[in-house]
Amino acid sequence: MDDSVDQILSEYKALQHWERREYKAALEHAAAAAEKALTKADTIGYLRMALLLAECQLELGQMQEFAASAKELSEHPALQDDARILVRAKVLYSRALEALGHISEALALAEEAAAMNVAPTLDPVAKLGMLHGLVAALTESSREVEAWKYAKEMALLAAEQDDQEVAGKAYWAVGIVAFLLNDAENGIYYHRLAADNLAPGNDVNTWAMFNKSSALARLSAGIVEPETLACIERAELAMSVTGVSPLQELEISIARAHWLLLAGGADESVARLQRILEQRELLPEHTLAEVEYVAALALHELGRNDEALVAAVHSEKVFIGHGSRRRALEARSVIDSIARSGQ
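Read in order, the letters of the sequence shown correspond to residues 776 to 1118 in the numbering used here.
The set of hints was computed from the structure by calculation and includes no laboratory data. You may find that some hints are simply not true.
Claimed, not checked - Label pairs and their computed distance ranges (CB to CB):
#  : residue 1 : residue 2 : range
1  : Glu1008   : Ala853    : 45 to 53 Å
2  : Val780    : Ala853    : 18 to 26 Å
3  : His1089   : Ser779    : 54 to 62 Å
4  : Glu960    : Glu1008   : 18 to 26 Å
5  : Tyr964    : Glu810    : 43 to 51 Å
6  : Gln791    : Pro899    : 15 to 23 Å
7  : Glu886    : Pro1001   : 33 to 41 Å
8  : Glu1002   : Ile819    : 44 to 52 Å
9  : Pro1001   : Ser1108   : 22 to 30 Å
10 : Gly1018   : Asp856    : 25 to 33 Å
11 : Leu1012   : Ala816    : 42 to 50 Å
Unchecked claim - Straight-line C-alpha distance at most 27 Å; calculated DSS-like pairs for lysine-lysine:
#  : residue 1 : residue 2
12 : Lys902    : Lys815
13 : Lys846    : Lys799
14 : Lys924    : Lys788
15 : Lys902    : Lys799
Note that this is a predicted model, so its numbers are computed, not measured. Yeah, the Cβ is synthetic: ideal placement off N, Cα and C, and Gly gets one too.
Produce the entire structure from the sequences given, and follow the hints as far as they go.
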């Protein structure tokens, strides 16, 4: 088969699989098309498929690979003269950095993309992507009020979307900001809208990730209700169906441990957290800090304040190092509570 025809066919298959949410197959065909484009020195074709490949890695939770792909794209010389594609690449890289816990860098990149002033020329999906990156980085930097301004813009764009998954992911992000602002009513409202759009029949993996995220947001807001537990159970069920990485299993186990703590089961929570910490080599540094934060809460509840203090202090240190001011302040509140209890 002629190389040009072969490349076009691979691109077509990649896009077809992408539209059907078959991300693994889309990734394979996008990688093949990108490689063929490189051999022909077709820079535009390569960049188009490399962007799709990175987006597939994001959907599949391949965060390290996603970060490497997004970084390469955002720095590619050929993109510097195409503002719209460059913004898309910068936003992707910002989201990768945020997911890996590098909050200060993620925010700087998201603000850089927003400052390029190409929003009026972007299609609604691309604009939602830009806003999503900015909102995520702002919230992790404790700039929730500023994030809410952009989140409301996302909600308006989501309401106009025909693509349910795109709308659902936007509502998901809006709800997270509301929870962080202690606006449980809006948090629950937007996450119910997200759940309506992110039905498990569309993409089970996204359904699992949403429910895990919603559970963690509700728990951080202290919402101990049956709906919170239902989110955890839906995530666990979806993950058992799709098969997930050991890291993703540990992340949902953290949510279950936090639920146990808030539901009055501090002993069970500590036992589960200790099992998670036995696999600490699988945890990125910022995720380990999250485990230590919940462990500090549980140990403090049990009166094991020396252990709680060690966990809380290390958690705060890591969050500060990653630029996550919001999480660092939460860890500091535990440290202060321990200090008061010892007075």
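message: 42 to 50 Å was suggested as the range; check whether the CB atoms of Leu1012 and Ala816 agree with it.
response: Holds: the Cβ-Cβ distance is about 48 Å, inside 42 to 50 Å.
message: Taking 33 to 41 Å as the stated bounds, is the beta-carbon spacing between Glu886 and Pro1001 within them?
response: holds, 39 Å
field: Whether the CB-CB distance between Glu960 and Glu1008 falls inside 18 to 26 Å
entry: Holds, at about 23 Å.
task: Could you see if the CB distance from Gln791 to Pro899 stays within 15 to 23 Å?
output: Between Gln791 and Pro899, where Cβ atoms are some 22 Å apart, the hint holds.
- prompt: Per the hint of 43 to 51 Å, is the separation of the Cβ atoms of Tyr964 and Glu810 within bounds?
  reply: holds, 45 Å
query: How does the Cβ-Cβ distance of Glu1008 and Ala853 compare with 45 to 53 Å: does it lie in that range?
result: Distance hint for Glu1008, Ala853 holds at roughly 47 Å.
message: With the threshold set at 27 Å, check whether the alpha-carbon distance from Lys902 to Lys799 stays at or below it.
response: holds, 25 Å
query: Pro1001 and Ser1108, beta-carbon distance inside 22 to 30 Å?
result: Between Pro1001 and Ser1108, where Cβ atoms are some 27 Å apart, the hint holds.
field: Assessment of proposed distance window 25 to 33 Å (beta carbons of Gly1018, Asp856)
entry: About 42 Å separates the Cβ atoms of Gly1018 and Asp856, which means 25 to 33 Å is violated.
query: If you check the beta carbons of His1089 and Ser779, does the distance land in 54 to 62 Å?
result: holds, 56 Å
message: Please check whether Val780 and Ala853 have a Cβ separation lying inside 18 to 26 Å.
response: Hint holds: Cβ distance 24 Å, inside 18 to 26 Å.
Holds or violated: Lys902 to Lys815, with C-alpha atoms at most 27 Å apart: violated, 32 Å
Hint compliance for this structure: hints 10, 12, 14 are not met, and every other hint is.
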